[in-house]
Amino acid sequence: MMRAISIEFFKFRHRHIYLMATLFLLIEVIFLFMGMSRSISMKPENANWEALIVMFASMNGLLFPILIAVSVSRICDMEHKGNTWKLLLTLSIKPGQVYAAKYIYACILILWVCIVQVLSIAAFGIVKDFEDPLPTFLLIRYFFGIVFTSLAIVALQQWVSLMKKNQVIALTLGMIGGFIGMTADLMPSGVSRIFIWSYYSGLSPVSLSYESEELDFIVRNLNALLPLMLIVIIAAISIYLAGSMHLSRKEV
Amino acid sequence: MLIRCVQAEFIKLRHTRIWLLLFILPLVSVIIGCFNFYMNQGVLKKEWYSLWSQVSLFYGEFFFPIFIAILCAFLWRLEHFNKNWNMIMTAPISANSIFFSKLIVVGSMLTFSQGFFGLLYFFGGKLLGLTSALPVELFGWLLRGWIAALTISTLQLALSMRIKSFAVPIGIGFCAAILGLGMYVINLGLLFPHSLLTIGMGILNQSSISSLWNNLLYYIMNGVYIFVFSLVAIYRMKKSDVVA
Amino acid sequence: MNQVVSTHNLSKQYNGKYCVRDLNLSVAKGEIFGFLGPNGAGKSTTLKMILGLTRPTKGFVTVFEKGFEENRGFILSQTGSLIESPSYYGHLTGLENMRVVQKLREVPDKNVMQALRIVRLEKQKDKKVSQYSLGMKQRLGIAMALMSFPKVLILDEPTNGLDPAGIGEIRELIKSLPQLHGMTVLLSSHLLSEIEQIATSVGIINEGEMLFQGSMSELKSKSQPTIKIKTRNNKLAQELLRINGFSSIQSGESLVFEDLLDDEVIKVNQSLVTSNIDVLRIEEHKKSLENIFLDLTGKEQSL
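Line by line, the protein sequences give chains S, X and B. Under our numbering, the first residue of the first sequence carries the number 5, and numbering increases by one thereafter. Under our numbering, the first residue of the second sequence carries the number 39, and numbering increases by one thereafter. Under our numbering, the first residue of the third sequence carries the number 16, and numbering increases by one thereafter.
It is possible that some hints are incorrect.
Below 27 Å or equal to it, Euclidean Cα-Cα: the simulated DSSO-like pairs (lysine-lysine) are [what the hints assert, rightly or not]:
hint, chain 1, residue 1, chain 2, residue 2
1, B, Lys301, B, Lys245
2, S, Lys85, B, Lys140
3, X, Lys202, X, Lys277
4, B, Lys190, B, Lys125
5, S, Lys90, B, Lys143
6, X, Lys277, X, Lys121
7, B, Lys81, X, Lys276
8, X, Lys277, B, Lys32
9, X, Lys121, B, Lys73
10, B, Lys282, B, Lys301
11, B, Lys73, X, Lys277
12, B, Lys282, B, Lys250
13, S, Lys168, B, Lys142
14, B, Lys190, B, Lys237
15, B, Lys140, X, Lys121
16, B, Lys235, B, Lys301
17, S, Lys168, S, Lys90
18, B, Lys301, B, Lys250
19, X, Lys202, X, Lys121
20, S, Lys90, X, Lys121
21, S, Lys90, B, Lys142
22, B, Lys81, B, Lys44
23, B, Lys166, X, Lys121
24, S, Lys168, B, Lys140
25, B, Lys142, X, Lys121
26, X, Lys202, B, Lys32
27, B, Lys166, X, Lys276
28, B, Lys81, B, Lys166
29, S, Lys85, B, Lys143
30, B, Lys142, S, Lys169
31, X, Lys121, S, Lys85
Hints in this document: simulated from the structure, not taken from any laboratory. From a predicted model like this one, the values you see are computed outputs, not experimental measurements.
Just chain S, with the same shape it has in the complex:
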């Protein structure tokens, strides 16, 4: 198994995939920091952690599905291009192992992106001298929210990217996912919870309330979020297993 993973790392030696994902994230970070700085300069009391986290959570709904679709497609497409799927299977590695290795490789990449994002949020707050101290627990909850949701979406994208040689399908799925992820808050929660992409904002520890005239930031109760988190984890596992089994049985 370790051998299969190290093969994945080896294959991407010259591919700068980490660089690409990091740049992708930096664009988001810069964009949101610009927006945040503007809103603080207009209204100094906006300088709080809750507002920052909400902005990131809703932007993630758009960004992550597309980032994952692009990265996973890149990881999987090279096998289509060189017809190397066949080669791998003749190297006495089980298809399930290849599938797992790719999944783990993609997950490590996404984990890296998540870590960088959380660290930049913390750094921004500290640089901007937010009144409240660093809300470590809130950020940890935020971190796990995006990681778990991403695990499920990586599994989904990998399945589609490997199943269909035509990457248009995988990327269109990513695009529609981003669409849903971004507009999830506008839908009734019963509807949006069907879609895996809605959990970026759904699992955010802070939410926006449109009830009153003023925008309110509400810190969600951890207990209320735990069942949702469970759903995402179960979804991740079942999508992964379904994809792995489907492709292992598929004739090459």
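Based on these hints, arrange chains X and B on the given structure of chain S.
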């Protein structure tokens, strides 16, 4: 020569279901936009104008650029596979024709999707019970949107021609869309292809192009970008070795 | 207009290393020029430079005695080619692939069907190319190259992936092209036997440099049999025969004669016997093309 190239491009698209995309994206955008409009009728009081702000927001700001990137990447992907570069570069066809035939194909697809989007907007509005007359600006939004879309297409075609990966140019396109929004916000929109789309389609401000001068400037900027991007792409095609 | 394709000090460097160096190749009208060399010798790179797919680091190419750069469109319209491995759009049928090339090259409909018939793909023309076997893809590639019935046909390893029957068929096809359609053919191969059976002229390339260029008969003349004669006194025998007009060289324990006719062998033997020089052996040695090739390339490994 160009006409034959375009015909060849259309033959290449047979049996592909890329056409489906042309329907799906406008449809999803309009449905979500209409739904959002319906839910927030309290705040959105300007009838057709408010509806336009809703349907065009997600469409024009993020998904239209990605959609264009996917189309362009798809057209070049056909050539990146199976040594097809060898075939097109040994045909008695100029590099100009190769590049512009692809631009024409993308352009005609975009014409279709813009038209369909406009039509859906009209029916969506009727379905929501809007009674006033359609905005006079509608045609202008669609046309200017189409032109900005061509500008973005030229950029994406140039990227996808050079980058063999299917997904990377799309990722770049998406980042550029976010950058474009930023440029628009700080009022440098006329300087960036993706912001031109925001301006042209009247997404964030339905009356942003008023004066003749601004209008002219808008077309000139698009023209300059299309010219520069195609020039660079064609130059690269002529000067570099084919690695099929 | 005798020289159809010629290259002038053509060189290509990749990362500071010459892949092709000062190559002067010339193909005359109506020839089947076999470009022979081991894998990685620079055959494909040379052919790609002739077609303008790769730009030379130094030197230039002329086709119909016209510079390539200035006459790209004209030259390509007179050229059909199959480089590296066949190009195709997998999601399209064989016929649709032909239609794409038809549009790009502006040829009449009848050529499409004729080319498909020549490579015997008419029955499979409505099948998707992704489902073709390697040999069928190769045939399709040849059909695409032939479709415009060009004046020059450039084929890179045309029999790759074909079965023995297919190889024979394509070989006969290529041989017939100069007479039937007035084509000039430039083809590459790493198989000597194949070139031997098709080509009228040969160029042998190794490590980017041309080692031999000339007609097939010239190459074959290098393989004329030699006669080796071993006597009890080689020195005396050589002197005697030289006076009689037969020059020879000493090689090992024998004297080697080139281009000896049967009658001359009898004469040589008689004069040796009458001079009381004991003849131990008279042997004929054939130098195979294979050996010549190995001599030229200095390579013992498989080609």
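Outcome of the hint check:
no. : hint                : verdict
1   : Lys301/B - Lys245/B : 17 Å, holds
2   : Lys85/S - Lys140/B  : 25 Å, holds
3   : Lys202/X - Lys277/X : 17 Å, holds
4   : Lys190/B - Lys125/B : 23 Å, holds
5   : Lys90/S - Lys143/B  : 21 Å, holds
6   : Lys277/X - Lys121/X : 18 Å, holds
7   : Lys81/B - Lys276/X  : 19 Å, holds
8   : Lys277/X - Lys32/B  : 20 Å, holds
9   : Lys121/X - Lys73/B  : 25 Å, holds
10  : Lys282/B - Lys301/B : 21 Å, holds
11  : Lys73/B - Lys277/X  : 15 Å, holds
12  : Lys282/B - Lys250/B : 18 Å, holds
13  : Lys168/S - Lys142/B : 20 Å, holds
14  : Lys190/B - Lys237/B : 24 Å, holds
15  : Lys140/B - Lys121/X : 20 Å, holds
16  : Lys235/B - Lys301/B : 11 Å, holds
17  : Lys168/S - Lys90/S  : 15 Å, holds
18  : Lys301/B - Lys250/B : 24 Å, holds
19  : Lys202/X - Lys121/X : 12 Å, holds
20  : Lys90/S - Lys121/X  : 20 Å, holds
21  : Lys90/S - Lys142/B  : 23 Å, holds
22  : Lys81/B - Lys44/B   : 14 Å, holds
23  : Lys166/B - Lys121/X : 23 Å, holds
24  : Lys168/S - Lys140/B : 25 Å, holds
25  : Lys142/B - Lys121/X : 20 Å, holds
26  : Lys202/X - Lys32/B  : 26 Å, holds
27  : Lys166/B - Lys276/X : 24 Å, holds
28  : Lys81/B - Lys166/B  : 14 Å, holds
29  : Lys85/S - Lys143/B  : 18 Å, holds
30  : Lys142/B - Lys169/S : 19 Å, holds
31  : Lys121/X - Lys85/S  : 11 Å, holds
The structure is consistent with each of the numbered hints, conforming to all of them.
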